[in-house]
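S.K.: Quick mapping for you: the protein sequence lines, in order, are chains A and B. Take the first sequence: its position 13, counting from 1, is numbered 13 in the working numbering, and each next residue is one higher. Take the second sequence: its position 109, counting from 1, is numbered 109 in the working numbering, and each next residue is one higher.
In short, the hints are calculated from the structure, not lab data. Check the hints yourself; a few may be wrong.
[What the hints assert, rightly or not] If you want a taste of the chain B side facing chain A, the calculated C-beta under 7 Å gives, among others:
| # | residue |
| --- | --- |
| 1 | 41 |
| 2 | 48 |
| 3 | 56 |
| 4 | 64 |
| 5 | 129 |
[Claimed, not checked] Below, computed lysine-lysine pairings styled on DSS-like, alpha-carbon distance capped at 30 Å:
| # | chain 1 | residue 1 | chain 2 | residue 2 |
| --- | --- | --- | --- | --- |
| 6 | A | 126 | A | 36 |
| 7 | B | 140 | B | 156 |
| 8 | A | 128 | A | 76 |
| 9 | B | 155 | B | 88 |
| 10 | A | 28 | B | 4 |
| 11 | A | 76 | B | 125 |
| 12 | A | 36 | B | 4 |
| 13 | B | 125 | B | 88 |
| 14 | A | 128 | A | 138 |
Every residue gets a Cβ at the ideal spot worked out from N, C-alpha and C, and that includes glycine.
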Amino acid sequence: MGECPDARLMAGGTDLLVRLRHAGADTKPPLILLSKIPELADIIMANGDLCIGSGASFSAIMAHTLVQDHAPMLAKAVGTIGGPAIRNMGTLGGNIITASPAGDSLSPLYVADAQVVLVSPGGTRKIKISEFINGPGKSDIRKDEILTQIRIPLDDGFQSHCFEKVGLRRSLAIAVASFCGRLRFDEDGTVAEARFAWGSVAPTVARSINAENALTGNRLDTKSIKKSVAEATASLSPINDIRASAHYRRTVAGALLKRFLENPQREKKHV
Amino acid sequence: MDIKFTLNGNSQSLSTEPDRRVIDLLREDLGLTGIKEGCGTGECGACTVLMDGETRLSCLTLAAQIDGRDITTIEGLQDMEEGIILQKAFEEQGAVQCGYCIPGMEMAALPLLTLHPNAARNDIKIALSGNLCRCTGYVKIVDAVEQAGREIAVKKEGL
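All chains should be built: construct the whole structure from the sequences, respecting the hints.
M.R.: What follows is the structure, given as structure tokens:
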């Protein structure tokens, strides 16, 4: 990368090659293939974190028992990306660097407070995903850095979680809106902690702290649910585009939260 | 760049641009015109090939990526028992209309049938979910894959 500053890093290529093609035949930067580094596809446990290599394919992530056991919403979310062949090619690191507000893998990472590991000749740094992605297609990656790993802290206390994606069809669909949520309850049934994130309804995947706080310390009842949904829809900033209107997106985003809160399907198995 | 790979069971060595699309390498340089280019952007599945037994889109794969790998195209099906059964099932079910999507459909079905010939109808639909057909309405295609799966399962059980 130092020797060839124009070069682009390519993981699965399912976004990058399409973008380069649309940019025209004159746009042919040298490409550095990350798939030639097999270690980048590792999925392991280390220091209490689930560590997913940036080069792990969506198919590998979906099928991995560590992900199914410790990040089931991530497994579910990556299973909604593209179609089977795209999932064999596309990678988690690529989905993060593409930084689309509609990146389906991202909302579970936001809800889990995942960190990304960035390596450069100067050293290694870790940063929260919510601080790393800072706009549509934009991230805090520096010129000489490679995203090597995604670290997901194991939070065993959440009894309830969900991921939902609404698209115009079931496969090869870019989300109109997506939602990932998790809830931790105290023994008396009040909400101890709530975390929600939405895709496709803001410039980046977005949490709504106000919607989360509206539930903390309360039971899930008509009043608290109504308040939380109102806070959520007020905090999101969707746009009109070819797939849906801003109004529809906001309505769907609120409905996905409401549906989760009305039937949180408390699971025995922790996240 | 010199690359070596296995193509439908035979080893291949050739010299090409590292960023040549595999679909162009196969169709234009090697004359394997069975796979088709539909969209060129990963949304239709017509260019599906197998790399190390897994489906991949050859329009979004570069020559450098297949170096050292095992590539199967639709032309390779005639040398595989499962492939022959699958192609016959498509004929018998009338699953082919214009035919443009069929090589991609059969390539998408092959890994599923090889691993799980008894796959449920819904699993077949998921396996084919990245492949668009604008003629058939899909029902006969799914019927064909189901029929092929039954026949492969019978063969495997040695009945």
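S.K.: Each hint should be assessed against the structure and marked as holding or not.
M.R.: Outcome of the hint check:
no.: 1; hint: 41; result: 5 Å, holds
no.: 2; hint: 48; result: 6 Å, holds
no.: 3; hint: 56; result: 6 Å, holds
no.: 4; hint: 64; result: 6 Å, holds
no.: 5; hint: 129; result: 4 Å, holds
no.: 6; hint: 126/A <-> 36/A; result: 23 Å, holds
no.: 7; hint: 140/B <-> 156/B; result: 24 Å, holds
no.: 8; hint: 128/A <-> 76/A; result: 22 Å, holds
no.: 9; hint: 155/B <-> 88/B; result: 15 Å, holds
no.: 10; hint: 28/A <-> 4/B; result: 24 Å, holds
no.: 11; hint: 76/A <-> 125/B; result: 18 Å, holds
no.: 12; hint: 36/A <-> 4/B; result: 15 Å, holds
no.: 13; hint: 125/B <-> 88/B; result: 19 Å, holds
no.: 14; hint: 128/A <-> 138/A; result: 15 Å, holds
The earlier numbered hints are all upheld by this structure, with none contradicted.
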